[in-house]
Each structure stands twice: as structure tokens, then as C-alpha cells.
Amino acid sequence: MKRLTIIVLIALFSMIGCKKTNDQFKVAFVYVGSVNDGGWTASHDEGRLEIEKMFPDVQTSYVENVPEGAEAERIITTFAKKGFNVIFTASFGFMDPTINVAKKFPETVFMHCSGYKRAENVGTYFGRMYQAKYLAGIVAGKMTVTNKIGYIAPHPIPEVIRHINAFTLGARKVNPEASVRVIWTNSWFDIQKEKEAAYSLIEVGTDILASGCDSSAALVVAEEKGVKCIGYDSDARAVAKNTFLTAPMWNWISVYADIVGKAKNKEISDYTNVDYWNGLETNVIKLAPLSDLVPQDVKNIVTDTTQLIIQGEEKIFTGPLKKQDGSDFLSENEVADDGTLLSMMFFVEGVNGVIPLN
Numbered sequence: 021m022k023r024l025t026i027i028v029l030i031a032l033f034s035m036i037g038c039k040k041t042n043d044q045f046k047v048a049f050v051y052v053g054s055v056n057d058g059g060w061t062a063s064h065d066e067g068r069l070e071i072e073k074m075f076p077d078v079q080t081s082y083v084e085n086v087p088e089g090a091e092a093e094r095i096i097t098t099f100a101k102k103g104f105n106v107i108f109t110a111s112f113g114f115m116d117p118t119i120n121v122a123k124k125f126p127e128t129v130f131m132h133c134s135g136y137k138r139a140e141n142v143g144t145y146f147g148r149m150y151q152a153k154y155l156a157g158i159v160a161g162k163m164t165v166t167n168k169i170g171y172i173a174p175h176p177i178p179e180v181i182r183h184i185n186a187f188t189l190g191a192r193k194v195n196p197e198a199s200v201r202v203i204w205t206n207s208w209f210d211i212q213k214e215k216e217a218a219y220s221l222i223e224v225g226t227d228i229l230a231s232g233c234d235s236s237a238a239l240v241v242a243e244e245k246g247v248k249c250i251g252y253d254s255d256a257r258a259v260a261k262n263t264f265l266t267a268p269m270w271n272w273i274s275v276y277a278d279i280v281g282k283a284k285n286k287e288i289s290d291y292t293n294v295d296y297w298n299g300l301e302t303n304v305i306k307l308a309p310l311s312d313l314v315p316q317d318v319k320n321i322v323t324d325t326t327q328l329i330i331q332g333e334e335k336i337f338t339g340p341l342k343k344q345d346g347s348d349f350l351s352e353n354e355v356a357d358d359g360t361l362l363s364m365m366f367f368v369e370g371v372n373g374v375i376p377l378n
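Each residue of the sequence shown is one higher than the one before, counting from 21 in this note's numbering.
Source of the hints: derived by calculation from the structure; they are not laboratory data.
Hints should not be assumed to be uniformly reliable.
Mimicking DSBU-like on lysine-lysine, the simulated pairs with C-alpha atoms at most 35 Å apart in a straight line are [unchecked claim]:
#1 K102 to K137
#2 K73 to K284
#3 K102 to K245
Okay, the calculated beta carbon distance ranges per label pair [what the hints assert, rightly or not]:
#4 P309 to E333: 37 to 43 Å
#5 K245 to P376: 22 to 28 Å
#6 T97 to N303: 29 to 35 Å
#7 G281 to K343: 40 to 46 Å
The beta-carbon is built from N, C-alpha and C at its ideal position, and this holds for glycine as well.
Let the sequences and hints guide you as you build the complete structure.
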């Protein structure tokens with residue numbers, strides 16, 4: 021993992037020591053990547069900055085590039101000891117460290133992103149990103165010529181696998197001959213590995229490149245090679261001006277505003293059942309504006325499908341569907357429930373790749 025940003029740490033602890041007042045409400049953010057990554061962490065930090073605008077009496081602080089594990093637990097503990105009222109831990113790998121620290125600080129509210137473990141003072145938040153991935157898959161399926169679509173994936177966890185499957189279902193909805201080849205980086209943020217994966221996918225004939233990692237490195241390679249691309253987390257078309265199609269994006273502002281507002285007013289006494297997992301209808305997820313490379317008929321399909329999903333008329337994981345190995349996943353008109361989606365550890369038909377065992 022990347023080292024901690026020492027400047028941010030120094031500024032953080034200096035600020036905490038000098039500016040605390042008894043009536044000041046303080047909110048902390050623990051990030052796995054850099055606020056300048058153009059992706060996952062950048063999208064969270066946009067939400068943090070908006071919180072400062074919406075709540076002038078709220079002080080926010082953050083630490084970036086925090087490794088998942090013991091170091092994360094140390095950073096989270098430091099925030100709690102300094103009296104922060106709410107601590108957001110914005111990476112799946114921060115789940116156990118968050119739970120561990122929360123046990124020692126029952127008066128502090130902890131909110132963990134993308135996890136599933138909760139407690140009286142620990143809630144979770146995420147979004148139905150698979151919906152936006154499905155829409156991006158439709159774009160890829162319509163735009164591919166070779167029927168070979170590449171996908172660069174970080175860690176083999178249900179969240180990521182769910183996204184790959186939804187993307188594949190979208191592509192094959194409009195193009196049954198399309199296949200999605202997956203390469204794993206086993207890292208949320210590793211520019212070199214993401215670039216290497218992008219080159220490898222292009223070498224085998226991929227003509228659409230999508231990423232599920234936290235940086236825009238794959239888009240840089242796509243631009244270099246003249247391959248159309250689909251980003252993730254934020255609108256990074258600036259790095260691929262001639263090849264960018266769209267990107268499933270996060271908009272954390274509404275989630276952060278709701279959580280902070282309720283915490284300030286002490287509206288929630290028990291966070292055990294607090295789990296934000298909303299979709300396109302709340303704008304916590306969305307698709308970046310389709311670029312001019314995308315034909316109008318494809319744009320129309322995406323617009324229509326978006327409305328069907330919002331209205332509940334189209335459920336992405338609806339049968340008949342088969343798993344990658346040919347076995348049945350869902351029967352005719354059967355819809356996967358949230359439990360199935362949240363524990364998904366298999367690929368659907370159309371995915372070319374394997375899920376690492378560890």
C-alpha cells in the first residue's frame with residue numbers, strides 16, 4: 021500500500037489540538053486512496069467538501085492513503101480519542117478495524133462504507149452501483165465491434181463480482197455475442213497494475229475497456245491505444261478525451277448530508293439496522309453524461325432503461341439466467357433478492373475469467 025500522507029496527518033493532529041471547542045461537531049473521513057486519485061477517494065472527498073458548505077458549524081478532517089489493517093485501526097482510534105463525533109471509514113477493508121475501535125468508543129458514531137458488519141454505534145452505507153454498471157454494460161455491448169470487452173477488477177469480493185455481473189448482463193442484453201474478459205489487480209489502487217492489465221486486455225483484441233479500480237490509469241492506456249473506455253467512480257473524461265464513453269459514478273453528498281444531519285440532531289440511538297443501499301432513484305449513483313462517441317440510439321436505450329430501473333419495472337438480476345459454468349442461477353421471472361446480491365461469489369454466463377480463491 022502507499023504510505024500515509026504525512027503532511028495531512030500533521031495538519032490533522034495540529035488542527036485537532038488547536039481548534040476544538042465544546043460545541044463544535046466534528047466529522048472525520050478515513051480514505052484508502054488519495055483525494056487526487058480521480059476516482060473512489062476523490063468522489064468521497066467531494067462529499068466531505070460539500071458537508072463543510074452545507075453545515076458551516078461542522079469541522080471535517082481526513083487522512084488519505086491509509087492501508088487496510090492495523091494502520092487503519094490506529095488512525096480510526098486517533099480520531100475517536102480526539103473527540104470526533106462521526107467517523108466515516110471509506111473502504112471495505114476498514115470493516116474490522118472500524119468494528120474493533122467502535123467497541124471502545126460507544127459514544128462515537130462510526131459509518132463504514134461497503135461493509136456488512138454493524139453495531140449499536142456502527143452503521144453502513146453504500147449504493148446499488150450495479151445499476152449504473154448495468155447501464156455502462158449496455159453502452160459497451162452496443163459499441164463493441166470485436167465483441168471482446170475488457171474489465172479491470174480490484175479485489176474478488178461480492179461487491180466487485182456483483183458489478184462485473186451486472187455490467188456483463190447489460191452488455192449481453194443488447195449484444196448476446198459479447199463477452200467480458202476480467203483481469204484482477206488485487207488492489208483498489210495500483211496505477212502500474214491497472215496499466216499492465218489494460219495493455220494485456222488490449223493485446224487480446226479488447227476494443228472496449230472498463231475499470232472497477234480506483235484510479236483512471238486504465239483510461240490513460242485506452243487513450244494512448246485508441247481504445248474506447250468506460251471509467252468508474254468519477255467523470256475522468258479529461259484523461260481520455262478521444263476515447264471516453266461514460267462512467268458509473270458515485271455522488272456521496274446526499275448520503276453524507278443525511279448521516280451528519282441525523283447524527284447532529286441525535287435522531288438515531290441504535291445504528292444496528294442503519295444501512296444505506298440506495299440506487300439511481302436517489303442519485304447516490306449515476307452514469308456520467310455519455311460522450312459524443314455514443315450514438316443517439318444508444319443514448320436513448322440508456323435513458324429508457326434508466327427510467328425503467330427507477331420505476332422498478334426492470335430488475336437487472338431477473339431470470340432466466342445462468343452462471344458462468346452453465347448451471348442455473350435464476351429461473352424464468354425469478355428475481356435475485358438482496359441477500360443473494362450481497363453475497364454473490366460467482367460469475368454469470370458471458371464473463372471470461374476466474375475468481376481467485378484468496
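Each hint tested on the structure:
Note on K102 and K137: the hinted pairing holds, with a Cα-Cα distance of about 24 Å set against a maximum of 35 Å. For the hint pairing K73 with K284, the CA-to-CA distance comes to about 15 Å; that is within 35 Å, so the pair holds. Between the alpha carbons of K102 and K245 the distance comes to roughly 49 Å, so the proposed pair goes past 35 Å and is violated. One distance hint, 37 to 43 Å for the beta-carbon pair P309 and E333, is violated here, with the actual separation near 24 Å.
Distance hint for K245 and P376: a CB-CB separation of about 26 Å, consistent with the stated range 22 to 28 Å. Between T97 and N303 the CB atoms are about 34 Å apart, so this pair conforms to the stated range of 29 to 35 Å. At about 42 Å, the CB distance of G281 to K343 agrees with the hint of 40 to 46 Å.
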